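Asker: Residue numbers (the working numbering), protein chains in the order written: chain A, 9 to 440; chain B, 9 to 440.
The reader is advised that the hints may include incorrect statements.
Chain copies aren't distinguished; within one or between two, either way the pair holds.
Dumping the calculated EDC-like pairs for lysine to aspartate or glutamate here, alpha-carbon to alpha-carbon at most 20 angstroms [stated by the list, open to error]:
{"hint": "1", "residue 1": "K382", "residue 2": "D250"}
{"hint": "2", "residue 1": "K247", "residue 2": "E275"}
{"hint": "3", "residue 1": "K90", "residue 2": "D250"}
{"hint": "4", "residue 1": "K137", "residue 2": "D289"}
{"hint": "5", "residue 1": "K411", "residue 2": "D123"}
{"hint": "6", "residue 1": "K50", "residue 2": "D265"}
{"hint": "7", "residue 1": "K61", "residue 2": "D47"}
{"hint": "8", "residue 1": "K242", "residue 2": "E210"}
{"hint": "9", "residue 1": "K382", "residue 2": "E238"}
{"hint": "10", "residue 1": "K137", "residue 2": "D224"}
{"hint": "11", "residue 1": "K73", "residue 2": "D265"}
{"hint": "12", "residue 1": "K137", "residue 2": "E191"}
{"hint": "13", "residue 1": "K171", "residue 2": "E209"}
{"hint": "14", "residue 1": "K433", "residue 2": "E81"}
{"hint": "15", "residue 1": "K242", "residue 2": "E63"}
{"hint": "16", "residue 1": "K404", "residue 2": "D56"}
{"hint": "17", "residue 1": "K404", "residue 2": "E199"}
Since the hints were made in silico from the structure, they are not lab data. Because the structure is a prediction, the values reported are computed rather than measured.
Protein chains: 2
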Amino acid sequence: MKTSRRKFLSSAVLAGGASALMPLKSCYSENNKGTGYPDYTKLDLARDQPVLKRELFTTPVIIDKLELLRDRENFICRVRSKDGAEGVSIGHPFLGNHGYPMFERSLHRYFIDQDARDLDTMVFNAVEKNIKKQGIPLCIQIATIEFAILDMLGNIAGVPVGKLIGGIHHSEISIYLGTQIWEMRNLEPEESLELLAKDVEETSARAVKLRAGSGDNLGVNNEIVPGRTEKLCKMAREKFGDEMVMMIDGNGTYSPDEAIRLGRFLEEMNFHFYEEPVPWDWYEEQARVGNALSIALAGGDVEFGMHAFRWLIAHDAFDVLMPDTFYFGGMIRSMRVARMAEVAGKVISPHMSGGGLGFLYMLHMVSSCSNAGKYHEFKMFETRDANGTIIPIQSKTEPFSSKDGNVSVPTGSGLGVHIDPAYIKTHKVIYG
Amino acid sequence: MKTSRRKFLSSAVLAGGASALMPLKSCYSENNKGTGYPDYTKLDLARDQPVLKRELFTTPVIIDKLELLRDRENFICRVRSKDGAEGVSIGHPFLGNHGYPMFERSLHRYFIDQDARDLDTMVFNAVEKNIKKQGIPLCIQIATIEFAILDMLGNIAGVPVGKLIGGIHHSEISIYLGTQIWEMRNLEPEESLELLAKDVEETSARAVKLRAGSGDNLGVNNEIVPGRTEKLCKMAREKFGDEMVMMIDGNGTYSPDEAIRLGRFLEEMNFHFYEEPVPWDWYEEQARVGNALSIALAGGDVEFGMHAFRWLIAHDAFDVLMPDTFYFGGMIRSMRVARMAEVAGKVISPHMSGGGLGFLYMLHMVSSCSNAGKYHEFKMFETRDANGTIIPIQSKTEPFSSKDGNVSVPTGSGLGVHIDPAYIKTHKVIYG
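Same shape as in the complex, but just chain A (with noise of 0.2 angstroms):
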């Protein structure tokens, strides 16, 4: 079952070598021997390996300021090196506001004075040491910093981030859409896809994300109108025909009976995956669904936990792993998912929140993944930052847009992109 599940997934995994492949059940023999639970060997070691790839510095990079900046309810990170090479990365569009303290509190000391080639360490010690104040608030000021810190490590060495992470796996992203959120669930079916197809005619797109439920992540199937989700799949697929790839997703509103019954119709309708059906941090639940179906299962999108994606991925719950870069505190950390989703022939797809530069984050971290799913949530160009304002961002390289339903990943160094510094001048320095 695992295996037909699998396959759709991704050609690259399939094309991976054999070791890259091996079910992970082959392995449950030493750790855990005898117990009834899973061996996490393989896991581990996949997860624990260097991320940030130092040779290709041959200097310490010393974190001279690291600078929270701030106009009304946005934020900006702000870094500088010793000698003088700097980053910049714009917080989460709408939740940067609510644990900006965080940075000023229990962030700023695991990076500054530090030689930036150890991020890997510096971004774990800011997890593992906070634990009293974790949660995505958290997460999301340490990847705000995370992000700055890998931009001025890329300029540094002329290179995208994706190269400092794990390579330039893929120079050109697959998008699905994933906008349009709301509506998917409110509006008359007809009406939903109608302003999909507006977003499918802007892009080119080849899939789509439709939602299934009211999202209401309470495991209650509670449905906006009853019968709506099965409606709005059969006209999706007779709108848009059998070429489209589709997924839906869930947001956490079904029980895992009511997760499976649906399951069972969407393999009917030839989804391509099936996203969090019963609320994210229903593990034992999510995994009964998982083993029992044969549509891949997607999720994670609201988790922060290393530990959980570990357990999730041994237990064959998902089969695309979705973390969000913000949510999850980082690239860094998303790899450390990647990797383990890799040894266990799962693929990843991170999940992205609309507006700031979360496209952008979100085709960094693709490029630098082998295990890269084959289409990956995009929700426009928009960039509104907290304020409603478009951030005035330029790739260094060539104009974003999507072809074909393909985003090429920038190339310039770092994040890839000049912003305009008026923008960046709206803000003050409030801490560092």
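Following the hints, put chain B in place on chain A, whose structure we already have.
Answerer: Only chain B this time, still in chain A's reference frame:
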């Protein structure tokens, strides 16, 4: 094995009648029938019972004002009803300053203009509708709001908080000494125990908690000095005698194998419970350790997920459940854990941070739990706030003190304390 793990924990539970004591496994038959997973029916029923006793209020209590006050790093929540009743809580003594922007941006809306008699629902929504902001900093803000509203409701009904959420099952709480965390690990064992002996003398406590390992929450068996943990335990038993009840907290130091090895030693040393041997989110490993040992396992102090506690209880990972009233988002949610624990024959013993009004919230919470453990964490009557200022409070009834290791629960209305208005006045309203 489970029976022997339980029997020392709570005479109250053992006297509590057969129905409350029915072993959980006897009901593993309905919901998940034939799936190999536990049946959670009884746990879910217990969890979902109303907590706030609405029947104490015959007319609506509309929340007219809900304010966040700030003096530098310290926060206070003040609530006022349309009829002029007031409640006040003091925020967390060192973490309230991490997530306070969430009070305004994501929480205030769930409480303002609502009928405070619907507090169960308001708290539920504040947690469940904010999953993208989830974590301890969010829960701390929710708890601070809830404590203020409970204070107000208690003032209206003329009853202490415990009566609002479960009735008064205990008017005196037996404490265990949980201070000296750093000292318990980093000094020579002789010196560590000398400091503990001073606290014992001051409080006449009959129970003390030691600390095992490095407490780094990494699960890789780091000890400050090799062999120190066993040495400390032996010396403590010798110093305090066989009558002293002793528990120990690993703070996530150990791998499962090492946790089990140390657990067997603790069984020989007749320890009362063994807290958090493996990292907090190693659920499966915790269950493995719990099921391998006869000593009672305790934990859950940095947990903020209801579903996680449900799993941990059903899988017999812990015998003593330790939600922190702040980190877990308040007393109502903690009561839901207590009730799940009760139907599984387990006990509750809330975690508390030192400083602030932690001990006060702990006392009220424990007073209202029929299945409270025998001993509860206590870090002295120290009430320094986030600025290092001693919070000037007086019990409305009798002074706070420990007699023979017992502390009386305040019997005055609400939280049962009078806070010097001059202290509150040093704080300015920043929202609400």
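Asker: Next, verify each hint and record whether it holds.
Answerer: Structure-based check of all given hints:
When the C-alpha separation of K382 and D250 is checked against a cutoff of 20 angstroms, the pair qualifies only within one copy, where the shortest distance is 17 angstroms, while the shortest distance between copies is 64 angstroms. When the C-alpha separation of K247 and E275 is checked against a cutoff of 20 angstroms, the pair qualifies only within one copy, where the shortest distance is 18 angstroms, while the shortest distance between copies is 67 angstroms. With identical chains, the CA atoms of K90 and D250 are never at most 20 angstroms apart, being 56 angstroms at best within one copy and 60 angstroms at best between copies. Taking identical chains as interchangeable, the C-alpha atoms of K137 and D289 lie at most 20 angstroms apart only when they sit on different chains, with a minimum of 14 angstroms there against 23 angstroms within one chain.
Neither within a single protomer nor between protomers do K411 and D123 lie at most 20 angstroms apart by alpha-carbon distance, with minima of 40 angstroms and 54 angstroms respectively. When the C-alpha separation of K50 and D265 is checked against a cutoff of 20 angstroms, the pair qualifies only between copies, where the shortest distance is 18 angstroms, while the shortest distance within a copy is 32 angstroms. Proximity of K61 to D47 under the C-alpha cut-off of 20 angstroms is found in neither arrangement, the shortest distances being 29 angstroms within a copy and 48 angstroms between copies. For a Cα distance limit of 20 angstroms, the shortest separation of K242 from E210 qualifies neither inside one copy, at 23 angstroms, nor across copies, at 72 angstroms.
Taking the shortest Cα distances, K382 and E238 never come within 20 angstroms of each other, neither inside one copy (25 angstroms) nor across copies (53 angstroms). When the C-alpha separation of K137 and D224 is checked against a cutoff of 20 angstroms, the pair qualifies only between copies, where the shortest distance is 8 angstroms, while the shortest distance within a copy is 32 angstroms. In this assembly of identical chains, K73 and D265 lie within 20 angstroms of each other by CA distance neither inside one copy nor across copies; the values are 53 angstroms within and 43 angstroms between. For a Cα distance limit of 20 angstroms, the shortest separation of K137 from E191 across copies, 19 angstroms, qualifies, whereas the shortest one inside one copy, 41 angstroms, does not.
For the homomeric pair K171 and E209, neither the shortest alpha-carbon distance inside one copy (32 angstroms) nor that between copies (61 angstroms) is at most 20 angstroms. In this homomeric assembly, K433 and E81 come within 20 angstroms of each other (Cα to Cα) only inside a single copy, at 15 angstroms, whereas the closest approach across copies is 28 angstroms. Taking the shortest alpha-carbon separations for K242 and E63, neither the intra-copy value of 52 angstroms nor the inter-copy value of 49 angstroms comes in at or below 20 angstroms. In the homo-oligomer, the alpha carbons of K404 and D56 never lie at most 20 angstroms apart, since the shortest distance is 33 angstroms inside one protomer and 55 angstroms across protomers.
For a Cα distance limit of 20 angstroms, the shortest separation of K404 from E199 qualifies neither inside one copy, at 38 angstroms, nor across copies, at 62 angstroms.
Of the numbered hints given earlier, the model fails hints 3, 5, 7, 8, 9, 11, 13, 15, 16 and 17; all others are met.
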